[in-house]
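Which chain is which? The protein sequence lines are A and B, in order. Numbering-wise (the working numbering), the first sequence opens with residue 307 and increments by one. Numbering-wise (the working numbering), the second sequence opens with residue 307 and increments by one.
The hints are simulated quantities; they were obtained by calculation from the structure and are not laboratory data. Fair warning: there could be bad hints in the mix.
Pairs count within a copy or across copies, as identical chains cannot be separated in the list.
Stated by the list, open to error - Here are the computed lysine to aspartate or glutamate pairs in the DMTMM-like style, where the Cα-Cα straight-line distance is at most 25 Å:
(1) LYS347 / GLU520
(2) LYS347 / GLU633
(3) LYS591 / GLU656
(4) LYS360 / GLU535
(5) LYS347 / GLU379
(6) LYS548 / GLU453
(7) LYS591 / GLU453
(8) LYS591 / GLU637
(9) LYS347 / GLU727
(10) LYS548 / GLU420
(11) LYS402 / GLU633
(12) LYS548 / GLU520
(13) LYS360 / GLU489
(14) LYS402 / GLU727
(15) LYS728 / ASP747
(16) LYS548 / GLU532
(17) LYS728 / GLU489
(18) LYS728 / GLU426
(19) LYS591 / GLU633
(20) LYS591 / ASP747
(21) LYS591 / GLU579
(22) LYS728 / GLU594
(23) LYS360 / GLU379
(24) LYS388 / GLU594
(25) LYS548 / ASP451
(26) LYS402 / ASP517
There are 2 protein chains.
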Amino acid sequence: MTDKKDRRGLDALFRPRSVAVIGASNRRLAIGCRIVRNLQKMQFRGPVYPVHPKASHILGLPVYPTILAVPGEVDLAHIIVKNTLVPRVLEDCARKGVRVAIINTAGFKEIGPEGARLEEELVRITRDTGIRVFGPNCQGIINTDPEVSAYCNFTFTRPRPGHISIFSQSGGVGEVINNRLCELGEGLRMYASTGNACDLQCPEVLEYWRDDPETRVIICHLESIEAPEHFSQVAREVSQQKPILAILTGRTAAGARAVAYHCGGAIQGGTGESISRASGLLPFKSLEELCQAARAFVHLPRPPGRRVGIITNTGGPGVIAADELIEAGLELPEPGAATRAALRQALYPEAIVSNPVDVLATAGPEHFRAALVAMLGDPQIDSVLLSFVTPFFVDCEAVAREIVEIAAGTPKPIVCVVMTEKTLWRSTLEIFRGAGIPTFDLPEIGARVLGAMVNYASRNF
Amino acid sequence: MTDKKDRRGLDALFRPRSVAVIGASNRRLAIGCRIVRNLQKMQFRGPVYPVHPKASHILGLPVYPTILAVPGEVDLAHIIVKNTLVPRVLEDCARKGVRVAIINTAGFKEIGPEGARLEEELVRITRDTGIRVFGPNCQGIINTDPEVSAYCNFTFTRPRPGHISIFSQSGGVGEVINNRLCELGEGLRMYASTGNACDLQCPEVLEYWRDDPETRVIICHLESIEAPEHFSQVAREVSQQKPILAILTGRTAAGARAVAYHCGGAIQGGTGESISRASGLLPFKSLEELCQAARAFVHLPRPPGRRVGIITNTGGPGVIAADELIEAGLELPEPGAATRAALRQALYPEAIVSNPVDVLATAGPEHFRAALVAMLGDPQIDSVLLSFVTPFFVDCEAVAREIVEIAAGTPKPIVCVVMTEKTLWRSTLEIFRGAGIPTFDLPEIGARVLGAMVNYASRNF
Chain A
307 MTDKKDRRGL
317 DALFRPRSVA
327 VIGASNRRLA
337 IGCRIVRNLQ
347 KMQFRGPVYP
357 VHPKASHILG
367 LPVYPTILAV
377 PGEVDLAHII
387 VKNTLVPRVL
397 EDCARKGVRV
407 AIINTAGFKE
417 IGPEGARLEE
427 ELVRITRDTG
437 IRVFGPNCQG
447 IINTDPEVSA
457 YCNFTFTRPR
467 PGHISIFSQS
477 GGVGEVINNR
487 LCELGEGLRM
497 YASTGNACDL
507 QCPEVLEYWR
517 DDPETRVIIC
527 HLESIEAPEH
537 FSQVAREVSQ
547 QKPILAILTG
557 RTAAGARAVA
567 YHCGGAIQGG
577 TGESISRASG
587 LLPFKSLEEL
597 CQAARAFVHL
607 PRPPGRRVGI
617 ITNTGGPGVI
627 AADELIEAGL
637 ELPEPGAATR
647 AALRQALYPE
657 AIVSNPVDVL
667 ATAGPEHFRA
677 ALVAMLGDPQ
687 IDSVLLSFVT
697 PFFVDCEAVA
707 REIVEIAAGT
717 PKPIVCVVMT
727 EKTLWRSTLE
737 IFRGAGIPTF
747 DLPEIGARVL
757 GAMVNYASRN
767 F
Chain B
307 MTDKKDRRGL
317 DALFRPRSVA
327 VIGASNRRLA
337 IGCRIVRNLQ
347 KMQFRGPVYP
357 VHPKASHILG
367 LPVYPTILAV
377 PGEVDLAHII
387 VKNTLVPRVL
397 EDCARKGVRV
407 AIINTAGFKE
417 IGPEGARLEE
427 ELVRITRDTG
437 IRVFGPNCQG
447 IINTDPEVSA
457 YCNFTFTRPR
467 PGHISIFSQS
477 GGVGEVINNR
487 LCELGEGLRM
497 YASTGNACDL
507 QCPEVLEYWR
517 DDPETRVIIC
527 HLESIEAPEH
537 FSQVAREVSQ
547 QKPILAILTG
557 RTAAGARAVA
567 YHCGGAIQGG
577 TGESISRASG
587 LLPFKSLEEL
597 CQAARAFVHL
607 PRPPGRRVGI
617 ITNTGGPGVI
627 AADELIEAGL
637 ELPEPGAATR
647 AALRQALYPE
657 AIVSNPVDVL
667 ATAGPEHFRA
677 ALVAMLGDPQ
687 IDSVLLSFVT
697 PFFVDCEAVA
707 REIVEIAAGT
717 PKPIVCVVMT
727 EKTLWRSTLE
737 IFRGAGIPTF
747 DLPEIGARVL
757 GAMVNYASRN
767 F
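Start from the sequences, fold in the hints, and give me the full structure.
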């Protein structure tokens, strides 16, 4: 049974060779239609078997009246039938040899005692038969691996392959994060939104992603944690290998009350913070900062220490970055004597040779290069925050080319804040994007992202 | 002299009838070219007089060898000549009867004692002649009023007319704010970036905008304050009529050091906070939150109290909003008995009738309407935060139409968080935009914005 319960079930979930959709539909607005369409649009590599008692074809595919009538093997089955029918259908799935069921249907624990009894029934079936259950009351999973291309979910975001994997208890929050990363041009590796999570839970997914070489960063949204000690132990171990950027909600009494209504017990008050610490999670309160930090973790090397050099071409944003970096617990040492001499020689006479280094708005590519080389070469500096407002009187594309060239040759991270009008300076931004270097729109975001990276790198696990 | 020093100078600055550009140029990358082009592109209503010792035409306009040779009256002159030549040119301007000079040239107080002496010379000339000086080492101003259309600045953002006015000591920060508001589809009223501010300073500008009926919200970025008591007195008085959303930088020692290099004395440590309080400023640390809050202040009515009702169609984002609202000092009372009864009757049986109200993902326009009407009608609720993830199986345009219709008929603000894929749901977003209702992408942003509005409304000035 242990064997059935472990990793094999997760391969069936994230790398299914075939998918059945029980409760498939031709009605465009039905979840049972959307899932079939999403699998088709994503060009899922295996067969898709719609199951419906009466229909003959759904979205061009032949339909089977029950899961037992499906001819081939089925790794994964979506169940979208009425809540009271789910246990019987799940038993049929187990009989058919389905390895994991994503139960999208709602109306379980979250609606009270009657739903809770139904959910207990599901747990009993998993225990008796070995079939794994994902959900109920959940969205499902996505795996962008081109060898798999599984969109077993009814949402709208169309991610491209990438290196961030998202675990979200709440489907709404998961979709918002996924969509925001898409807007930022960032790819996704895998996605899992578990809803009630009566069987398959967060720790198993984290372990699976720990062992997935293409997952470089894990995002984790949690509202409640069933077995906090087990969770912490697993998360701590996973986070030694990959950062887990977390948003734990229900911090306040009102938030916790909302969670209780939404999905049962909440992570209350200080509990969230202590779980976070015990688990090695990097905590975020803002979804925006979480998404921005995830981009940095995917693309930038880890800072070896907390000493940052700021290079800016306009004073004001440099000051904002300085305030934020200090408040995040980082340091802004003065450049060493050799660095100062190099900067003095290379920059305009009015340039400010301190930390922040202000190369001035009129600085061209040679000045940016000199400033980056000098600061990155300073043994007192572990990383650079570059604050670049694009002046119309400077060859900004040439500046961008210098920056990406230097970034490619240094083990220290350069966090690039590029403040610009995005249509006029599209080609400048393309140079960063083409080189895989994320740019951040605002100095406080760049600084907070760097703070998160340093805090992860400096943890004692 | 008092008379020359006051309001008349500000009309010349923000509503010039004619502009001279001393140091105009045909070189596309020169500031003296950019300013002439910006005036032309913005379709400035008055004459533009390029001044240059040798050129005959600049961007199609006849050129005058000195300001004294300009035939008509000149309200405003840009000065872009070498720093050591500026005092003589400024004296010529005064002799010509120019009312205000924007000195874009750098190389004054910010470069040390020699520059400081030059700057003192400018102050002496303003005192002796009555000409006003804006700058030096500054960008300039913008006024989008269609009767004026003055783009006396060398930056790139092309704002459309609106109701937010931006004061920024740092040109870089001002431009970043202006650009971000543009990206958000928000209009600008006036813009002023003063640089060294040797004569015309923030308080006079604030008073001018207090009296400008089209300015509804003021954004203020400050790194240093010359006369804190005077500033506080003026700001406090202005903020009783219009919110001043402020970002005071140089909070940390490193930030303050950077400010000192950048523009002289800084607002240090706790000073910023106490000035903020004494001045009635609404403080922000994040440029993004500042810009988002400005949009809310422009478009939404003021909340009469701190009791918020959350209406959501997905649990997770509602919990995030709840946590943020509580942490911002707001309250989430349970709906009254009558409200609960109305909600029970109108919503799906599984809907959660609490605060947050969860109408469920399947809720249609009639459910959103019923929830809004019930919560807005509850005397225990001062405002609503609506959290709406657009499900593909719901008529989201119809939902949007209900929301904007209800918003038009209530004195209580509805802060709309709309989480969606912006191309597929463009038409839904257009319904909000068309009705002048700002939408926010993330629940924490909506909650922080509402927090700022409540904090402004509940201040005792």
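Hints, one by one, checked against the model:
1. LYS347 / GLU520: Cα proximity of LYS347 and GLU520: one copy only (23 Å, versus 49 Å across).
2. LYS347 / GLU633: Result: close neither inside a copy nor across copies, 46 Å intra and 42 Å inter.
3. LYS591 / GLU656: neither (40 Å within a copy, 29 Å between copies)
4. LYS360 / GLU535: neither (48 Å within a copy, 80 Å between copies)
5. LYS347 / GLU379: Result: close within a single copy only, 22 Å intra versus 67 Å inter.
6. LYS548 / GLU453: within (23 Å within a copy, 58 Å between copies)
7. LYS591 / GLU453: neither (35 Å within a copy, 45 Å between copies)
8. LYS591 / GLU637: both (23 Å within a copy, 19 Å between copies)
9. LYS347 / GLU727: Classified as between; 17 Å across copies, 34 Å inside a copy.
10. LYS548 / GLU420: neither (40 Å within a copy, 54 Å between copies)
11. LYS402 / GLU633: Result: close neither inside a copy nor across copies, 58 Å intra and 51 Å inter.
12. LYS548 / GLU520: within (11 Å within a copy, 52 Å between copies)
13. LYS360 / GLU489: neither (40 Å within a copy, 51 Å between copies)
14. LYS402 / GLU727: neither (57 Å within a copy, 38 Å between copies)
15. LYS728 / ASP747: Answer is both: 10 Å inside a copy and 19 Å across each meet the 25 Å cutoff.
16. LYS548 / GLU532: Within one copy only: 23 Å inside, 49 Å across.
17. LYS728 / GLU489: both (14 Å within a copy, 9 Å between copies)
18. LYS728 / GLU426: neither (53 Å within a copy, 40 Å between copies)
19. LYS591 / GLU633: Both ways: LYS591 and GLU633 sit 16 Å apart in one copy and 11 Å across, limit 25 Å.
20. LYS591 / ASP747: Answer is both: 19 Å inside a copy and 15 Å across each meet the 25 Å cutoff.
21. LYS591 / GLU579: Result: close both inside a copy and across copies, 11 Å intra and 23 Å inter.
22. LYS728 / GLU594: both (19 Å within a copy, 16 Å between copies)
23. LYS360 / GLU379: within (22 Å within a copy, 86 Å between copies)
24. LYS388 / GLU594: Classified as neither: same-chain Cα gap 36 Å, cross-chain 44 Å, threshold 25 Å.
25. LYS548 / ASP451: within (19 Å within a copy, 53 Å between copies)
26. LYS402 / ASP517: neither (29 Å within a copy, 77 Å between copies)
The structure is inconsistent with the numbered hints 2, 3, 4, 7, 10, 11, 13, 14, 18, 24, 26, although it conforms to all the rest.
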